[in-house]
Amino acid sequence: MISIEAIILMTISTAVPLVFASLGGVLSERSGVTNIGIEGMILFGAFCGMAVSYFTKNPVLGVIAAAVGGGLLALIHAFISISCGGPQAVSATGITLFSVGITSFGLRLIFNRAGNSDPVAYLPTTEIFRDIPVIGKYMANFSPLLYLAIIVGVGIWYLFRHTPLGLRIHTVGENPKVAETLGINVWRIRYWCVIVSGMLAGLGGAYLSLGQMNLFQENMSAGRGYLALAAVILGRWKPLGVIAACLFFSVFDAIQLQLQATNMTGLSPTILSAIPYVVCLLVLAFSFGKSKAPAANGKPYLKKQG
Amino acid sequence: MDKIKKTCSELKMPLIAIAFAFVFGSLLILSTGKNPIEAYSALFRGAFGSPAAISQTLNKAIPLIFTGLSVSIAYQCKSLNIGGEGQLVFGAFGASLVGVYLKGLPMLVHLPLAILAGFIFGGLWAVIPGLLKIKKDVNTVISTIMMNYVAFSVVSFLINTYFKADKSDFVAMNWVETTARIPFIQNGGLRICIGIIFAIIAAIILRILLQKTVLGYEIKAVGGNQNASNSNGISSKKNILISLIISGGLAGLAGAMDILGNSGKLYDGYNPGYGFDGIPIALLAKGNPVGVILTALLFSVLRTGAVTMQTSVGVSRTIVDAMQGVIILFIAAEYIFTIYKKARLNRTKMIEEKKLEGAQ
Chain C
1 MISIEAIILM TISTAVPLVF ASLGGVLSER SGVTNIGIEG MILFGAFCGM AVSYFTKNPV
61 LGVIAAAVGG GLLALIHAFI SISCGGPQAV SATGITLFSV GITSFGLRLI FNRAGNSDPV
121 AYLPTTEIFR DIPVIGKYMA NFSPLLYLAI IVGVGIWYLF RHTPLGLRIH TVGENPKVAE
181 TLGINVWRIR YWCVIVSGML AGLGGAYLSL GQMNLFQENM SAGRGYLALA AVILGRWKPL
241 GVIAACLFFS VFDAIQLQLQ ATNMTGLSPT ILSAIPYVVC LLVLAFSFGK SKAPAANGKP
301 YLKKQG
Chain S
1 MDKIKKTCSE LKMPLIAIAF AFVFGSLLIL STGKNPIEAY SALFRGAFGS PAAISQTLNK
61 AIPLIFTGLS VSIAYQCKSL NIGGEGQLVF GAFGASLVGV YLKGLPMLVH LPLAILAGFI
121 FGGLWAVIPG LLKIKKDVNT VISTIMMNYV AFSVVSFLIN TYFKADKSDF VAMNWVETTA
181 RIPFIQNGGL RICIGIIFAI IAAIILRILL QKTVLGYEIK AVGGNQNASN SNGISSKKNI
241 LISLIISGGL AGLAGAMDIL GNSGKLYDGY NPGYGFDGIP IALLAKGNPV GVILTALLFS
301 VLRTGAVTMQ TSVGVSRTIV DAMQGVIILF IAAEYIFTIY KKARLNRTKM IEEKKLEGAQ
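Sequence lines, in order, name chains C and S.
The numbers in the working numbering rise by one with no breaks, and the one at position 13 of the first sequence is 13.
The numbers in the working numbering rise by one with no breaks, and the one at position 258 of the second sequence is 258.
Hint data in this document are derived by calculation from the structure and do not stem from the laboratory.
Do not take every clue at face value.
These stretches of chain C come out as covered by chain S in the derived footprint (C-beta under 8 Å, 3 or more residues) [as the list claims (entries may be wrong)]: (1) 48-56; (2) 95-107; (3) 229-235; (4) 276-282.
Note that the Cβ used here is the ideal one computed from N, Cα and C, for glycine as well.
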């Protein structure tokens, strides 16, 4: 029997890393830099979080380390795609491959084995919400990172909606030349947007290794970074739309997990696990109208040579 | 003379990238408390130390050449196909289907058919990302990677259900008929798959395609500047789609070579990673098909040797993955050098013009 309640709860909890990563994607792409390396940054964040929590026994430090780790990888991507004007998809692919290699290597270095790490100290759930009537018992089971994701989502929505900084980022992503004549430092804005996007992806990783689980598995990001970027397209580069798109993908993930658990279709788990990706491709193929990316997205901006 | 000079300058950056990757690798090795020189010598021993090792290095290069070519042709058209792994798995499935279920054919018919099936299945798997790109402008990186996950699931599902071997310890398809197996050349300790010749031929064909044919010219024109080529009557959409299909087909061939030559049987959960290796291989060769042969050999040396390094020195072979990432990042950053060079060129031009003005 499939329980609607279980699907809703699972949808919310599987959406968290996607939401972090795709909000990062929004920030970076709105400023004009595609960040396909998010996948690698999630993985690296998950690893850094696990490692720091393992050595310090403090999961909060782990979460911070995850954000810093994701941000550092993003800094490399920023340097290559902004300062060097290099091909962004190539740089991002390099970041992801590098991340896969270095995390697997680090895992063997610390634990002397492949596969997964030892269990580490992980974030407690938000028991403080338990006394809230009706929904309290559900809320108490979620990781605090879920609430952080909501705060970040609202924050980024507010940033683009109501602040001058949001407008500047928008201008940089649409028309960097105009932005520069307005006295905006295009490179600085892009650097920060990319770095913060990496930090958010890192937080998504922390959720995987310290929130949902209490250990690191090789390749545990499992394509979430790419799903998150698809959510950015589907949500039309708007924070709230993107969050909705993440929930949409997560529903299908939750359903397939439930189908696997209850084994009622008799289909093998391998074919069920493809459902979210197939849905994603279908949605990209049949979404009406042409989704419009920020005009300068993916195009390097070269400062005038003095 | 100029040609040699040009080749040298083209080789400079890839060599720097490789050197840097090795330096980075030694730092990783040092971090484990091992000696990098010892580790690297184990690596090269593992790749060249014996006739068996040399054979293995050459044989492993076969799928790598194909996936490298696959990424190259798409990249010439400025799409980054990172779905090579899914196309490879699908191509391997297609090749095994023909290899297992067509019976009683002579080898001269059966083997080419099985290889062709690999190309067709791989190419088909790239059609969807191609259409998404030209119809909806969906980033190829995202769509091709999604297709990877779908390919793994679908092929695994098919092997588990309709095409399962009758008797096998593992979930797998039946053995490929001997008439569809790629032969090996044996001489002393050497045992080299004929596939290496196919791979070299494929590289040469691709080079001719890119250098001497209208299609190649158009693909490169679209890759260079889509707007300009559109206004010159070259359809960017058509060429993007064609290059992606050829790219998928080549990845499918990598899978076909691996199954028909190397393993002889498609196991459930097959994803050897060659598709992903194709990305640094192609980028390092700058999309040049002949260069791909060399860089694929280099990666084959790394991959084959890393196993020996792991067993004899105890350094994990995953450092090769990290080194590959470093190589790509370096290639991506290379732009900065070309930009500085251009800036310097412009400056000298300006100075010369000023001098001319002064003279007048």
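Here's how the hints hold up against the structure:
1. 48-56: violated (count 0)
2. 95-107: holds (count 10)
3. 229-235: holds (count 3)
4. 276-282: This one holds; 4 residues, not fewer than the three required, reach chain S with a Cβ under 8 Å.
Checked against the numbered hints given earlier, the structure breaks only hint 1 and satisfies all the rest.
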